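Read off the chains here:
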Amino acid sequence: MTANVFELDDTRRQIRDRLRAMPHDGDPRAGVRRMRALLEEMGVKCDDTAELEDADAILLTSGRGMEALVAYRLNDGQRHQAYSRIVARLIIGQMHEPMDAKIEYQSKHFTISRQEKEEDAAVAKFAIALAGGNLDLAPRPLYEDVPKLTLAFTPRSAARSTLGGMHLWSDYWYRRSTMYRWWRSRRDVSSAIKRVCVMLNPRHPAAA
Amino acid sequence: MPERDEVQIARWDAIRGRVGDGLRQMRGHGRSQAQLAYEMDELGFHVSQSMVSRYEQGQGEVPLSLERMVGWALCCDALSTGHLRELLELGGYSLPWTVGDMKQFDLLLRKFRAMSRADQMVLRRRMLWHLLGVQPLSGAPIAERVT
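These protein sequence lines are chains V and W, in that order.
Here the numbering used here is used: position 171 in the first sequence is 171, and no number is missing along the way.
Here the numbering used here is used: position 24 in the second sequence is 24, and no number is missing along the way.
Derived by calculation from the structure, the hints in this document are not laboratory data.
Since the structure is predicted, the reported quantities are computational estimates derived from the model, not experimental observations.
For glycine and all other residues, C-beta sits at the position ideal for the given N, C-alpha and C.
Don't take each hint at face value.
Stated by the list, open to error - On the chain W side, residues computed to face chain V include the following (Cβ under 7 Å): (1) Ala14; (2) Asp101; (3) Gln104; (4) Phe105; (5) Ser116; (6) Ala118; (7) Asp119; (8) Val122; (9) Leu123; (10) Arg126; (11) His130.
Unchecked claim - Straight-line C-alpha distance at most 30 Å; calculated DSS-like pairs for lysine-lysine: (12) V:Lys117 / W:Lys111; (13) V:Lys108 / W:Lys103; (14) V:Lys148 / W:Lys111; (15) V:Lys194 / V:Lys117; (16) V:Lys117 / W:Lys103; (17) W:Lys111 / V:Lys45; (18) V:Lys148 / V:Lys117; (19) W:Lys111 / V:Lys194; (20) V:Lys45 / V:Lys117; (21) V:Lys108 / V:Lys45; (22) V:Lys108 / V:Lys148.
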């Protein structure tokens with residue numbers, strides 16, 4: 001079967017667009033509905049009735065499509081977290097052809113490789129930001145388009161390119177360092193980063 | 001027993017010995033017939049230990065379906081073996097996956113061996129559907145949807 005990498009790049013882009021516009025009112029049941037609707041809109045088949053014993057959710061992808069299986073035993077809050085982790089996984093995670101599965105647990109769990117461990121930790125942290133409606137507590141490249149690190153010939157393009165480099169650096173360390181994730185999810189750090197972004201790209205503060 | 005044509009019976013008689021060999025080799029030495037029957041039952045196939053034994057000895061009366069062959073291989077982590085390819089060929093079946101794809105599926109199955117049994121079964125049931133390309137009906141056991 002021709003593997004299509006699940007059209008993940010396109011899916012990622014669309015998820016990011018919708019996440020930015022997603023309302024958050026603190027009601028986990030409404031949060032579940034929104035996350036589920038978002039996934040289904042992206043073509044992910046969701047099943048809330050999986051008889052999972054330890055795992056909270058499974059994300060299964062193949063050339064036949066994507067499926068999110070969420071444990072029946074979870075309460076609304078846990079289910080909201082599980083859906084947030086699936087959405088975070090689709091944005092951060094690497095899914096392999098022709099078929100791949102990612103298992104979501106509530107707490108740290110056995111993983112085979114260091115890469116998987118790092119991915120799990122980044123997904124868990126980003127999911128917390130998603131569930132709480134605090135996207136700004138995660139690196140911007142995860143949820144919107146940012147300036148790129150390029151050759152710069154004017155002060156303005158140099159500033160934008162510097163900003164692009166900073167976003168790259170932030171994204172890189174968010175995926176690899178526990179310390180950076182902790183630091184990046186602090187409200188004061190997030191506010192300081194926002195100010196730097198506006199300084200370096202004043203014309204487009206939203207995409208800074 | 002469902003009604004079958006003489007031609008179908010004759011064809012099955014001609015190949016069931018070889019099918020039995022292939023099934024036995026897929027199971028290998030590390031997995032008992034009872035264990036395999038249990039795992040297949042959990043996947044939703046109505047296969048008992050005596051049926052496993054009969055099929056392996058080439059005494060199964062009903063031709064083995066594509067779903068059962070793939071389920072058998074899935075339980076034995078033998079999707080990428082030549083035995084399954086040979087069995088599918090004998091049965092006149094084909095799957096839209098390459099040898100490399102099948103190796104990847106076996107790796108995935110082995111990777112999640114550390115999961116709890118219940119969670120493994122949920123994953124395997126879904127993997128089976130992705131392998132076969134049939135959309136499961138919610139709530140109904142697999143055997144009712146297939147056979």
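Hints, verified against the model:
Of the supplied interface hints, the one on alanine 14 of chain W is violated, with its beta-carbon coming no nearer than about 31 Å to a beta-carbon of chain V, more than 7 Å. Proximity of aspartate 101 of chain W to chain V holds as hinted, the smallest CB-CB distance being about 4 Å (cut-off 7 Å). Interface restraint check: glutamine 104 of chain W against chain V, minimum CB-CB distance 6 Å, threshold 7 Å, status holds. Interface restraint check: phenylalanine 105 of chain W against chain V, minimum CB-CB distance 6 Å, threshold 7 Å, status holds.
Hint on serine 116 of chain W holds. Least Cβ distance to chain V is approximately 5 Å, under the 7 Å limit. A least Cβ separation of about 4 Å between alanine 118 of chain W and chain V falls short of the 7 Å threshold, and the interface hint therefore holds. Because the beta carbon of aspartate 119 of chain W sits about 5 Å from the nearest beta carbon in chain V, less than 7 Å, this interface hint is met. Annotation: valine 122 of chain W was flagged as interfacial toward chain V, and the flag holds, the nearest CB pair being 5 Å apart, inside 7 Å.
At about 6 Å, the closest approach between the beta carbon of leucine 123 of chain W and any beta carbon in chain V falls short of 7 Å, and the interface hint on this residue holds. Hint on arginine 126 of chain W holds. Least Cβ distance to chain V is approximately 5 Å, under the 7 Å limit. For histidine 130 of chain W, the interface hint holds, since its Cβ comes within 7 Å of a Cβ in chain V; the closest pair sits about 4 Å apart. For the given pair, lysine 117 of chain V sits about 14 Å from lysine 111 of chain W by alpha-carbon distance, which is consistent with the 30 Å threshold.
Only pairs whose Cα atoms come within 30 Å are accepted, and lysine 108 of chain V paired with lysine 103 of chain W is accepted, the gap being roughly 28 Å. With a C-alpha separation of about 37 Å, the suggested pairing of lysine 148 of chain V with lysine 111 of chain W is violated against the 30 Å cut-off. Note on lysine 194 of chain V and lysine 117 of chain V: the hinted pairing holds, with a Cα-Cα distance of about 29 Å set against a maximum of 30 Å. Using a Cα cut-off of 30 Å, the hinted pair lysine 117 of chain V and lysine 103 of chain W holds, with the two alpha carbons roughly 23 Å apart.
Simply put, lysine 111 of chain W and lysine 45 of chain V have alpha-carbon atoms about 24 Å apart, close enough for the 30 Å limit, and the pair holds. Pair hint lysine 148 of chain V plus lysine 117 of chain V holds up; C-alpha atoms about 28 Å apart against a cutoff of 30 Å. For the given pair, lysine 111 of chain W sits about 41 Å from lysine 194 of chain V by alpha-carbon distance, which is inconsistent with the 30 Å threshold. For the given pair, lysine 45 of chain V sits about 26 Å from lysine 117 of chain V by alpha-carbon distance, which is consistent with the 30 Å threshold.
A threshold of 30 Å between alpha carbons decides the hint, and for lysine 108 of chain V with lysine 45 of chain V the separation of about 26 Å falls inside it, so the pair holds. Of the supplied pair hints, the one linking lysine 108 of chain V and lysine 148 of chain V is violated, its CA atoms being roughly 34 Å apart against a limit of 30 Å.
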